[in-house]
Amino acid sequence: MNVRSRYWGILGVFLLLALGGLGGIAWEASRNLPEMDGAIFAWLQTHFVYLLLALFLIFGVLIQIWAWLDGVVFKPLIQVTREVGIIAGADPSREIQLRPDHLLGELPEAARRVGTALLFARRQVGEALANQVEGLERLEKVIKHLNVGLIVINAEAGIVLYNLAAQNLFRNRQDALGLGRSLYELCARMPLETTMEFLNRCHASPEGCADKGDARFFCAALHEDVMLDCAMSLFPCQRADQNYYLLTFEEATRRVSGLRRSDRLIRHALENIRGPVANLRAAAETLMDHGDMDHHEREKFVQVMHDEVAELSVRLDAIATEADTLAAEHWVLNDVLTSDLIEALNRRMERHHGMRVHPLGEALWIQADAPALLLALESMLAKIRYHAGPVAIEIEALMGNHRIYLDLIWPGTPISARAVESWHGEKLEDGGAVMRLEEILERHGCEIWSQAHRRPGHAMLRLPVAPSARQWQFPVAEISERPEFYDFSMMNGFNALGSRLAMPLANLSYVVFDTETTGLQPSKGDEILSMAGVRIVNGRVLYGERFERLVNPRRPIPVESTRVHGITDGDVQDKPTIEEILPQFKAFVGDAVLVAHNAAFDMRFLQLKEESCKVRFDNPVLDTLLLSVYLHDEVTDHTLDAIADRLGVDVQAHLRHTAMGDAMVTADVFLKLLELLKARGVSSLGLAMQASDSMVRIRRQQSEANY
Amino acid sequence: MAVEILIVDDAPNIVLSLEFLMKKEGFSVRSVGDGDSALQAVEEKRPDLVLLDVMIPKKNGYEVCEALRADPLCQGVKIIMLTAKGREVEQEKGLALGADDYVTKPFATRELVLKVRTMLGLGND
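From first to last, the protein sequence lines are chains A and B.
If you read the first sequence in the working numbering, its first letter stands for residue 2, the second for the next number, and so on.
If you read the second sequence in the working numbering, its first letter stands for residue 32, the second for the next number, and so on.
Hints were generated in silico from the structure; no laboratory data involved.
Model, not experiment: these values are computed from the prediction.
Check each hint, because a few of them may be wrong.
Unchecked claim - Listed next, the stretches of chain A that the computed footprint assigns to chain B, with coverage defined by at least 3 CB atoms under 8 Å from CB atoms of chain B:
#1 302-309
#2 682-696
Unchecked claim - Here are the computed lysine to aspartate or glutamate pairs in the EDC-like style, where the Cα-Cα straight-line distance is at most 20 Å:
#3 A:Lys610 with A:Glu549
#4 B:Lys136 with A:Asp308
#5 B:Lys136 with A:Glu309
#6 B:Lys89 with A:Glu439
#7 B:Lys116 with A:Glu439
#8 B:Lys136 with A:Glu427
#9 B:Lys116 with A:Asp318
#10 A:Lys615 with A:Glu580
#11 A:Lys525 with A:Glu612
#12 B:Lys136 with A:Glu612
#13 B:Lys136 with A:Asp325
#14 B:Lys116 with B:Asp65
#15 B:Lys116 with A:Glu549
#16 B:Lys55 with B:Asp67
#17 B:Lys116 with A:Glu312
#18 B:Lys136 with A:Glu549
#19 B:Lys89 with A:Glu422
#20 B:Lys116 with A:Glu379
#21 A:Lys615 with A:Glu323
#22 B:Lys136 with B:Glu74
#23 B:Lys116 with A:Asp308
#24 A:Lys76 with A:Asp102
#25 B:Lys146 with B:Asp65
#26 B:Lys116 with A:Glu443
#27 B:Lys89 with A:Asp318
#28 A:Lys525 with A:Glu580
#29 B:Lys116 with A:Asp176
#30 A:Lys142 with A:Glu157
Don't be surprised by glycine CBs; every beta carbon is placed ideally from N, CA and C.
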């Protein structure tokens, strides 16, 4: 019972007592009213009405005073209590707005000062943290852009860190690669498990293992035709079940197939050439040794030699072609973006020669041994400056027929082939490594020459290099806006599923989701049009781990629903059906707690599809609407917008009523609600679900009463 | 006047065949084994067509090709480059430096003869 009800209760009791007293007097009077002077009785008779009126007036005034006090003291008091809750839990900068004539004196101002102090303290803590985090972020950046796929897992193979390269390796399995997900969903279990065991054993044995604690192995990526070259090392903790493991991945498929092909090429070349050469040699020697054979016989031998040589030429051509493509795929060559190469070149040029080259054209992906190619380019630039003087040199990457041309362009005349050829044998030195230009060019299957540039008065030096297949691939690096790649607080592993009810709300992983539908009645044929979900792990919204799909509802979309979410028939006609999407969503959700605003609505849609989609959503469910009702019973508006506004969550209006936009807002709201729940002592999943359940009961009773 | 052919190659075994084939066509043939002698031979008497191997001593085929193209008197000289390296880049480099055509070793002698005749505008009778 809150203070307001008590306050009104007191008045009620007083009025009841007063009425009771009056009633008692009246009753007593009716039974044995003492003899009264006639004058007094007459006076009473004439004034009885006025007495009654005065009594009611007193009551009326009393109630008025009570109501006024309620308005200026108790209502503001409740409001302040709620606002202080929000200030403490969610939004310290919140302004408390009360009616101006309240009688709380300095209380709101004091609360505001506490809020300001809190804000200040938080900011200080934040700044202190930020300093620490800065270093961490730098490290994060390094890991993120590391060329090698990197994943760190805990003892249960739960992913606690991954980087862009790993994301790229598993690009077709985006839904399964995420923090807290099991690596077993991505990679064959057996090699991983045995290697982890092996490393644990090594670590436990007193003499350790021969290698430095890392184990290399091959491993197949699940559902993909890819072999991975993995290395695993152990980060030991106090207990073996708290260990974590660092894995690096490289795609072995290309390399292995390249090696296999060159092996086969050599074998085939030998087999293919041996035969014709044997025939040729036999024929030639016979002709030499038997010059006396007649013309007819000699003709036959000559014919044999001709045929065999023709055959040899054909085979040689085939081998040469194959060797050419193999050389271009040589494993020392990596995918490099020309803009990166040029940037690196410029850094070197500035350091060594105090000049820069000016890049032209667009960035293209090439296959290169970048350090060696840089060395070659640097030396060529020096040669050009020697030839043409201190001119401005431009560099352009051009898409040629089968190659990408790196053109070094300068105003002046081409360099003679004689000069260019003379560079080939030159030794280039870099940090102790010595390479000849020839070698570097050979490694890239490349020739260089100088010719006039299409711009009059300009010449160029052209290096044709092999393009990388990445040119035509999906630009993976750009799809994630800022994925959260790691979360070391998950290092300690996960509790068993059964004990999740007792787990602190803050430690659970959630998928906050929303659906847009053709209407409000799934049982009458309304269908899901789009689904979006975003993951929350350890109190952070992982903006990079999102699920967003349009669904073909196999029915026309009513105009009035299009007005809400903007999705038209045309948007979804070529999209997959719910039977395809829902299992994907289930895979994305895993065993996380599902969160939605008015979850009952969305869950009904999901549950009606469970059978046809062959999935089951038996995950725990939390509802932001119910939690908000539980926390702020005194307000009536629990729409998503209203809650967001109350809790100080930014809403991007243009994204509202898109599944992703709503899921995002819901996620932010949910995080604020979690804080408030914690302040109210609702700290575990079990308690939160209880709280929602009690709200469901109350709401049901209310609606029945209203009915 | 007989058509003048200059063969530049340092492998006598191929020169033997090339000389024989070209003479058979009724051309006047000279052959040299390195880049410097090639330029000298051109200076002595301007050929109509040069069969130019890439990998030759002193000056390589690309350099000879470039030197010929740099000489205004030699603009009309046809150049067919011969090479044992069969990569597309080399072909491109040869053509960029002024060769008219490019033949990879080993080649069919009949096709080479045909190519020479076509280039000289002699038809294929």
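Evaluation of the provided hints:
Under the rule that three or more residues need a Cβ within less than 8 Å of chain B, the assignment of the segment 302-309 of chain A is violated, with 0 such residues. Counting residues of the segment 682-696 of chain A whose C-beta sits closer than 8 Å to any C-beta of chain B gives 0, which falls short of three, so the coverage hint is violated. Simply put, Lys610 of chain A and Glu549 of chain A have alpha-carbon atoms about 18 Å apart, close enough for the 20 Å limit, and the pair holds. Proximity of Lys136 of chain B to Asp308 of chain A is assessed by CA-CA distance (about 17 Å); at most 20 Å being required, the pair is judged to hold.
Distance check on the hinted pair: Lys136 of chain B and Glu309 of chain A sit about 16 Å apart at the alpha-carbon level, within 20 Å; holds. For the proposed pair Lys89 of chain B and Glu439 of chain A, the alpha carbon gap of about 17 Å is at most 20 Å, so the pair holds. Taken as a hint, the Lys116 of chain B and Glu439 of chain A pair is honoured in the structure, with Cα atoms around 15 Å apart against an allowance of 20 Å. Restraint check: the Cα-Cα separation between Lys136 of chain B and Glu427 of chain A comes to about 28 Å, which exceeds 20 Å; the hinted pair is violated.
Between Lys116 of chain B and Asp318 of chain A, the direct Cα distance comes to roughly 10 Å. Compliance with the 20 Å bound is thereby established for this hinted pair. Between Lys615 of chain A and Glu580 of chain A the alpha-carbon distance is near 8 Å, which keeps this suggested pair within the 20 Å criterion. In summary, the hint linking Lys525 of chain A to Glu612 of chain A is supported, as the alpha carbons are separated by about 17 Å, within the 20 Å threshold. Between Lys136 of chain B and Glu612 of chain A, the direct Cα distance comes to roughly 69 Å. Violation of the 20 Å bound is thereby established for this hinted pair.
The straight-line distance between the Cα atoms of Lys136 of chain B and Asp325 of chain A is roughly 16 Å, inside the 20 Å bound, and the hint therefore holds. For the hint linking Lys116 of chain B to Asp65 of chain B, the alpha-carbon distance of about 18 Å falls within 20 Å, and the restraint holds. Of the supplied pair hints, the one linking Lys116 of chain B and Glu549 of chain A is violated, its CA atoms being roughly 53 Å apart against a limit of 20 Å. A threshold of 20 Å between alpha carbons decides the hint, and for Lys55 of chain B with Asp67 of chain B the separation of about 27 Å lies outside it, so the pair is violated.
The suggested pairing of Lys116 of chain B with Glu312 of chain A holds, with an alpha-carbon distance near 19 Å, which does not exceed 20 Å. Between Lys136 of chain B and Glu549 of chain A the CA atoms are separated by roughly 58 Å; this puts the pair beyond 20 Å, and the hint is violated. Restraint check for Lys89 of chain B and Glu422 of chain A: satisfied, since their Cα atoms lie roughly 11 Å apart, inside the 20 Å limit. Proposed proximity of Lys116 of chain B and Glu379 of chain A is contradicted: the alpha carbons are some 27 Å apart, above 20 Å.
For the given pair, Lys615 of chain A sits about 48 Å from Glu323 of chain A by alpha-carbon distance, which is inconsistent with the 20 Å threshold. For the hint linking Lys136 of chain B to Glu74 of chain B, the alpha-carbon distance of about 28 Å lies beyond 20 Å, and the restraint is violated. For the hint linking Lys116 of chain B to Asp308 of chain A, the alpha-carbon distance of about 23 Å lies beyond 20 Å, and the restraint is violated. Straight-line distance between C-alpha atoms of Lys76 of chain A and Asp102 of chain A comes to about 12 Å, which keeps the hinted pair within the 20 Å bound.
For the hint pairing Lys146 of chain B with Asp65 of chain B, the CA-to-CA distance comes to about 23 Å; that exceeds 20 Å, so the pair is violated. Proposed proximity of Lys116 of chain B and Glu443 of chain A is supported: the alpha carbons are some 12 Å apart, at most 20 Å. As the CA atoms of Lys89 of chain B and Asp318 of chain A are separated by approximately 28 Å, the hinted pair breaks the 20 Å bound. For the hint linking Lys525 of chain A to Glu580 of chain A, the alpha-carbon distance of about 18 Å falls within 20 Å, and the restraint holds.
Of the pairs offered as hints, the one joining Lys116 of chain B and Asp176 of chain A is violated, with about 49 Å between alpha carbons and a cut-off of 20 Å exceeded. With a CA separation close to 26 Å, the supplied pair Lys142 of chain A and Glu157 of chain A exceeds the 20 Å bound.
In this structure, the earlier hints numbered 1, 2, 8, 12, 15, 16, 18, 20, 21, 22, 23, 25, 27, 29, 30 are contradicted, and the remaining ones agree with it.
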